[in-house]
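Q: Positions 2 to 569 (the numbering used here) are the ones given, in order, by the sequence shown.
Because the hints were derived from the structure by calculation, they are not lab data. Don't take every hint at face value.
With a Cα cut of at most 25 angstroms, we get these calculated BS3-like pairs of lysine-lysine [said to hold, decoys possible]: (1) Lys-162 with Lys-187; (2) Lys-523 with Lys-206; (3) Lys-398 with Lys-155; (4) Lys-76 with Lys-130; (5) Lys-338 with Lys-76.
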Amino acid sequence: MRPLRVLLCFIWPHLVGGFLKTHQKRPEKVDSKANSESVLFADSNSAPTFNPDVIVIGSGIGGLCAANILNHVHKKSVLVLESHYLPGGCAHSFPIKGYDFESGPTILLGCTQAPLNPLRQVLDICSLKLDWISYKSWGVLGDGEEQWDLELGKDANNRIKFETVLSEQGGAAAASEFADLLDKTKPLIVPATEIPAMALRADSKVLFTLLVKHFRSLVKLLQLPDAGTGPFEPYINGPIHVVTDPWLRSWLDGLAFSLSGLPAARTPASAMSYVLWDLHRANGSLDYPKGGMKSLVNALVSGLGDDVVRLRSHVASIDVTDNNVRGVTLKSGESIKCNEGVICNAPLWNLKNLLAPAESSEDSVKTLLGEIESVNMTRSYLHLHVGLDATGIDQTKLKPHYTVFEKGMVGDAEHVCTELNMIAVSNVCNLDDSLEVPEGKIMMHAYACGNEDYGIWENLSKDEYELKKKERGEALWSAIEKVVPDARERCEVELLGSPLTHERFLRRPRGTYGAEVESLLKDGSTGVGGLVLCGDGIFPGIGLPSVALSGVSAANSFVSVWRQLKSY
Numbered sequence: 002m003r004p005l006r007v008l009l010c011f012i013w014p015h016l017v018g019g020f021l022k023t024h025q026k027r028p029e030k031v032d033s034k035a036n037s038e039s040v041l042f043a044d045s046n047s048a049p050t051f052n053p054d055v056i057v058i059g060s061g062i063g064g065l066c067a068a069n070i071l072n073h074v075h076k077k078s079v080l081v082l083e084s085h086y087l088p089g090g091c092a093h094s095f096p097i098k099g100y101d102f103e104s105g106p107t108i109l110l111g112c113t114q115a116p117l118n119p120l121r122q123v124l125d126i127c128s129l130k131l132d133w134i135s136y137k138s139w140g141v142l143g144d145g146e147e148q149w150d151l152e153l154g155k156d157a158n159n160r161i162k163f164e165t166v167l168s169e170q171g172g173a174a175a176a177s178e179f180a181d182l183l184d185k186t187k188p189l190i191v192p193a194t195e196i197p198a199m200a201l202r203a204d205s206k207v208l209f210t211l212l213v214k215h216f217r218s219l220v221k222l223l224q225l226p227d228a229g230t231g232p233f234e235p236y237i238n239g240p241i242h243v244v245t246d247p248w249l250r251s252w253l254d255g256l257a258f259s260l261s262g263l264p265a266a267r268t269p270a271s272a273m274s275y276v277l278w279d280l281h282r283a284n285g286s287l288d289y290p291k292g293g294m295k296s297l298v299n300a301l302v303s304g305l306g307d308d309v310v311r312l313r314s315h316v317a318s319i320d321v322t323d324n325n326v327r328g329v330t331l332k333s334g335e336s337i338k339c340n341e342g343v344i345c346n347a348p349l350w351n352l353k354n355l356l357a358p359a360e361s362s363e364d365s366v367k368t369l370l371g372e373i374e375s376v377n378m379t380r381s382y383l384h385l386h387v388g389l390d391a392t393g394i395d396q397t398k399l400k401p402h403y404t405v406f407e408k409g410m411v412g413d414a415e416h417v418c419t420e421l422n423m424i425a426v427s428n429v430c431n432l433d434d435s436l437e438v439p440e441g442k443i444m445m446h447a448y449a450c451g452n453e454d455y456g457i458w459e460n461l462s463k464d465e466y467e468l469k470k471k472e473r474g475e476a477l478w479s480a481i482e483k484v485v486p487d488a489r490e491r492c493e494v495e496l497l498g499s500p501l502t503h504e505r506f507l508r509r510p511r512g513t514y515g516a517e518v519e520s521l522l523k524d525g526s527t528g529v530g531g532l533v534l535c536g537d538g539i540f541p542g543i544g545l546p547s548v549a550l551s552g553v554s555a556a557n558s559f560v561s562v563w564r565q566l567k568s569y
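From just these sequences and the hints, can you work out the full model?
A: What follows is the structure in structure tokens.
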């Protein structure tokens, strides 16, 4: 299975939420302006009138992508069960006092210019229409007076725009070391530009699809050092390449941390290489769905048709008999059977409870649960959503996104990744005037991911919890104030999400950001007949492109290789 892991890692861009009968007519393209009222959901009281082919647990992006591929491409009936009252998982949006806040990611790439993002590939192959807004830079703010803009792409002379920043911020060798780094890592991105998400599947048969349709790309891949499966360390610490400039090393650590929650040396070389290439290619850009992340989730939900996504439907168990999945049982006691199987998009660690009834009798279940025990969680994350009075704010002087280094950028390999240092500030009202916010207001979102310790939030009284939020939220407020200095005076809505918030509303055990890269499951296969996994515990891991890819791979596993080959 090593080639599958290799190929999956190349598609990981990470910069940086009723059911239909098998032969139902494909729905019309979905308008990106569709609002929440136009998306039809079933509630927990709506019982299915027949058994779906595949049940999908969780309406996160991975689960919704899997459901759409199954329905649109493979013509299978699907039922998506979601415990929350809103779809989208970690990427969902929620309304508060007239603001439609985005709970999770707001930065995407590879969705417009020669789109390679697996998420965009799903939208295209399923004929789901979504308008995108592209932009070319974001701001970086350090401690003191440090401030610069990351300009993407190349100039008219085919020169990487980032070289100007390198010359100004880094040492004399920074620009040449970066150019050499791009050259040394260029072979790593070749398969990502040649192998589509639809070529993959979550079992060993993936080798047949690659040999039949992508033989040359597979050969290129296998000729890479260590077949491209290793970490980025040889590309910054040698022997392949050495980066000595302290500023450049710190920036690479910051970029890696936004991808994986780890410093550059521990991040997969393929992920780093792809992102560096995509940001600095000729048409490099960042992308944002018009209407916000809600429009993306709505497009995926609406594409499935009426009543496919059932909200407030908490799955209590996956029912396994004779090593085959028969269906699921809801917390309400309702039992739902499936014809072919279940795709589980819930966090891996929740499977211990979902499969508990079968554990005593099924060796394959015990083996699977044993593998999951070896998957390590990252730490949790903090989010601060604020609604601000925008009177007198000139949005043309602000960026859609900022990376703020509260304790400064330059330091050792762990400095950038220390808790509450690197904080993202999202200002998407700068991009999209169609977002749902009150007249004359803007919303901002600051977040620090992957380095918040769950333990400091445990066993607190109500008063202690509120004090802890005030204490830990100071760094997020400080980051926002670097963008809008009088933000606290302008604030009308303030919401801080702690690890306990994520555990409660997103079903994330200990509020985890996801699985550590080193211990991800290699694919979604389980050894249990009809049970396939997807999501951020499956290689390539955390991020919208990664979970979309795992969803596509899971869906393709429910058809034969030949049917898959004919589908794209």
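Q: Run every hint past the structure and note whether it holds.
A: Okay, the hints, checked on the actual structure:
1. This hinted pair checks out: Lys-162 and Lys-187 have alpha carbons roughly 18 angstroms apart, not beyond 25 angstroms.
2. A C-alpha spacing of about 14 angstroms is found between Lys-523 and Lys-206, which places the hinted pair at or below 25 angstroms, so the restraint holds.
3. For a cut-off of 25 angstroms, the pair hint linking Lys-398 to Lys-155 stands: about 22 angstroms separates their Cα positions.
4. For the hint pairing Lys-76 with Lys-130, the CA-to-CA distance comes to about 19 angstroms; that is within 25 angstroms, so the pair holds.
5. The straight-line distance between the Cα atoms of Lys-338 and Lys-76 is roughly 19 angstroms, inside the 25 angstroms bound, and the hint therefore holds.
Violation of the numbered hints given earlier is absent; every hint is satisfied by the structure.
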